[in-house]
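Colleague: Sequence:
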Amino acid sequence: MILVIAEKPSVAKKIANALGKAKKKSLDGVPYYEVERGDKKIVVASAVGHLFTLVEKERSFNYPVFNIKWAPAYVEKGKDYVKKYIKALKELSKKADDIYIATDYDIEGELIGYHALKFCCGRDKGKRMRFSSLTKKEIVKAFENPKEIDYGLVDAGESRHIIDWYFGINLSRALMRAIKALNEWKTLSIGRVQGPTLKFLVDREKEIKEFKPKPYWVLEAIIKNLKAIHEKEKFWDEKEAKAVYEKIKDEKFGLVKDVKRSVKKIKPPAPFDLGTLQREAYNYFKFSPKKTQETAQKLYEKALISYPRTSSQKLPKDWNYLKEVLKTLKDSLYWKWAERIIREKRKPVEGKKEDPAHPAIHIVDYPKEELNKDEAKIYDLIARRTLSAFWDDMEREYFNAKISIKDEIFKLSGAKTKKEGWHSIYLFPKYENLEINLNKGEKVEIDKINLIKKETQPPKRYSLSSIIKELEKKGLGTKATRAEIVDKLIRRGYVVEENGSLRVTDLGVSVIETLERFCPEIVDEKLTRDLEEKLEKIQFKKIGKDKVLDEAERRLREVLKEFKEKEVEVGKSLLKKEVLGKCPKCGSPLVVKNGKYGKFIGCSNYPKCRFTKSL
1 MILVIAEKPS VAKKIANALG KAKKKSLDGV PYYEVERGDK KIVVASAVGH
51 LFTLVEKERS FNYPVFNIKW APAYVEKGKD YVKKYIKALK ELSKKADDIY
101 IATDYDIEGE LIGYHALKFC CGRDKGKRMR FSSLTKKEIV KAFENPKEID
151 YGLVDAGESR HIIDWYFGIN LSRALMRAIK ALNEWKTLSI GRVQGPTLKF
201 LVDREKEIKE FKPKPYWVLE AIIKNLKAIH EKEKFWDEKE AKAVYEKIKD
251 EKFGLVKDVK RSVKKIKPPA PFDLGTLQRE AYNYFKFSPK KTQETAQKLY
301 EKALISYPRT SSQKLPKDWN YLKEVLKTLK DSLYWKWAER IIREKRKPVE
351 GKKEDPAHPA IHIVDYPKEE LNKDEAKIYD LIARRTLSAF WDDMEREYFN
401 AKISIKDEIF KLSGAKTKKE GWHSIYLFPK YENLEINLNK GEKVEIDKIN
451 LIKKETQPPK RYSLSSIIKE LEKKGLGTKA TRAEIVDKLI RRGYVVEENG
501 SLRVTDLGVS VIETLERFCP EIVDEKLTRD LEEKLEKIQF KKIGKDKVLD
551 EAERRLREVL KEFKEKEVEV GKSLLKKEVL GKCPKCGSPL VVKNGKYGKF
601 IGCSNYPKCR FTKSL
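At position 597 of the sequence shown the residue is numbered 597 (this note's numbering), and the sequence of numbers has no breaks.
Rather than coming from a laboratory, the hints here were simulated on the basis of the structure. Here a beta-carbon is modelled for each residue, glycine too, at the ideal position from N, C-alpha and C. Just so you know, not all the hints are guaranteed correct.
[To be verified] Label pairs and their computed distance ranges (CB to CB):
#	residue 1	residue 2	range
1	Asp524	Arg340	51 to 59 Å
2	Lys147	Lys323	21 to 29 Å
3	Asp530	Ile490	37 to 45 Å
4	Glu442	Glu220	45 to 53 Å
5	Asp546	Ser501	41 to 49 Å
6	Lys327	Lys286	29 to 37 Å
7	Ser404	Lys323	16 to 24 Å
With the sequences and hints as input, model every part of the structure.
Modeller: Rendered as structure tokens:
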């Protein structure tokens, strides 16, 4: 008997039905499937995500702590349901001659599968089904051509979890202990990647607050309902701007000195990697990166798109595979494009980014059942992006004219689409069509001349989309974790989303200012990036797992030693106490305190003086 272990129950069902006529069974309420395939009996069961988590070997509330082990995830609150799945896999594995891991083929999936194999089934060796979509053809191919477990991925996954535990638990405890040193109570936490991410946001917030606007003046001439801007663009000297304005304000005509036209070909956008999909979905639908990732995962589990957690911008090279994918669109609105692509054997464009495990995100089938509104939007976006990769270049004609008004030169520019090309399929972004019908030497009527006072603007706050792009650019986090990192900062109250922008709260600023003052290395992107690079080297077996873990522990111990010596100072920095007056009992400063049940006024000389007052 072969036991196949999937990542989730819904995927187990998909795999079982692809391998043959599946019979649904149950073990203590846990579903699994039996399949007869030739002379092979196959049992397909599943995990429910991570079945095991990291815990301290001996529970404490101190820091630093590094003595940890893997334990069943049901030790965590709200994870009781995991117990039944562990028990089911343990029972089913007793009769298995071979065990095939069929979890998602990435770091997390490899770790989930390996832990199920090792801790539930009591084995170290198993076979690996690798696939990038849940189509029948690909599942059968993966089953009939199993690979070895990628122990580099397993080590990288375990190392990432351990290092994130080291940083998350120890730093969070350090912050909480600093607050406790002042007899206060407040829930605070920070993590290895969250720290540098929050610092990016805080630095931008400070830039905005410290920004001093500078006035400037713009001269514009309205010609044929179009705005022509003075060639100087910005006048920093008000007197100069007014002098030019006075010189030309009553002019009714201008002379076209020059007109340039050029046609530019715009290639189709590269197929989606996860980061680009998240940015596009945010730009056009205002979906958060986390929502986009979760929606794409659902489409993958429905066998409609390829695996979404990829950094590749390249579609598979196999034309026969691509042709079969395109044929699934036969009864859809996309067929008019798909049919021509097949007929003409068109080749897709590709981007620079690659992923050794998976191709770019692309459709693999057309939905047989109606999708919900969010799924339909993401599917349509991916379908159009996939098809547009095979299509013609878009052509845009650009116009630039120079108009003289009493020897003052104004510039007028615009563009129009000459050939839609791929833009007729992938409708994003919206392009402006502004045509200028002017000829050199032509006299043109001026509708109006305006002198407008403006001010320089502060830098924009990061959006949910742009912070993900920044993390990607800096090499922090992974394609699968970046959305969750930003989401955690919002949940912890360090950041709030306002009108599409991310504003850092006073608490978020306070945490970063404190960490910068007492342990700057923790929020320095260099440390996090260095660890990311080493984790990647573990994956490709270029460096040993133990060496990286030992180094992470050493660096963290050094940082926390200094932090511990200054707990009271750290606490004061975090709380930023505002003195509200003198205590009527002892004369010490009265400050706002945080209790378990909210804020109140208390004496700073506590516990010697226990005076309190309601806010």
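Colleague: It remains to establish, for every hint, whether it holds in the given structure.
Modeller: Right, here's what the structure says about each hint:
1. Taking 51 to 59 Å as the suggested C-beta distance range, the pair Asp524 and Arg340 conforms, at roughly 53 Å.
2. Range check, Lys147 to Lys323: Cβ separation about 26 Å, and the 21 to 29 Å hint holds.
3. A hinted range of 37 to 45 Å for the beta carbons of Asp530 and Ile490 is inconsistent with their spacing of about 27 Å.
4. Distance hint check: the CB atoms of Glu442 and Glu220 are about 20 Å apart, inconsistent with the given range 45 to 53 Å.
5. The supplied range of 41 to 49 Å is met by Asp546 and Ser501, whose beta-carbon atoms lie about 43 Å from each other.
6. Our hint of 29 to 37 Å for Lys327 and Lys286 holds, since their Cβ atoms are close to 34 Å apart.
7. Between Ser404 and Lys323, the C-beta spacing of about 58 Å breaks the proposed range 16 to 24 Å.
The structure is inconsistent with the numbered hints 3, 4, 7, although it conforms to all the rest.
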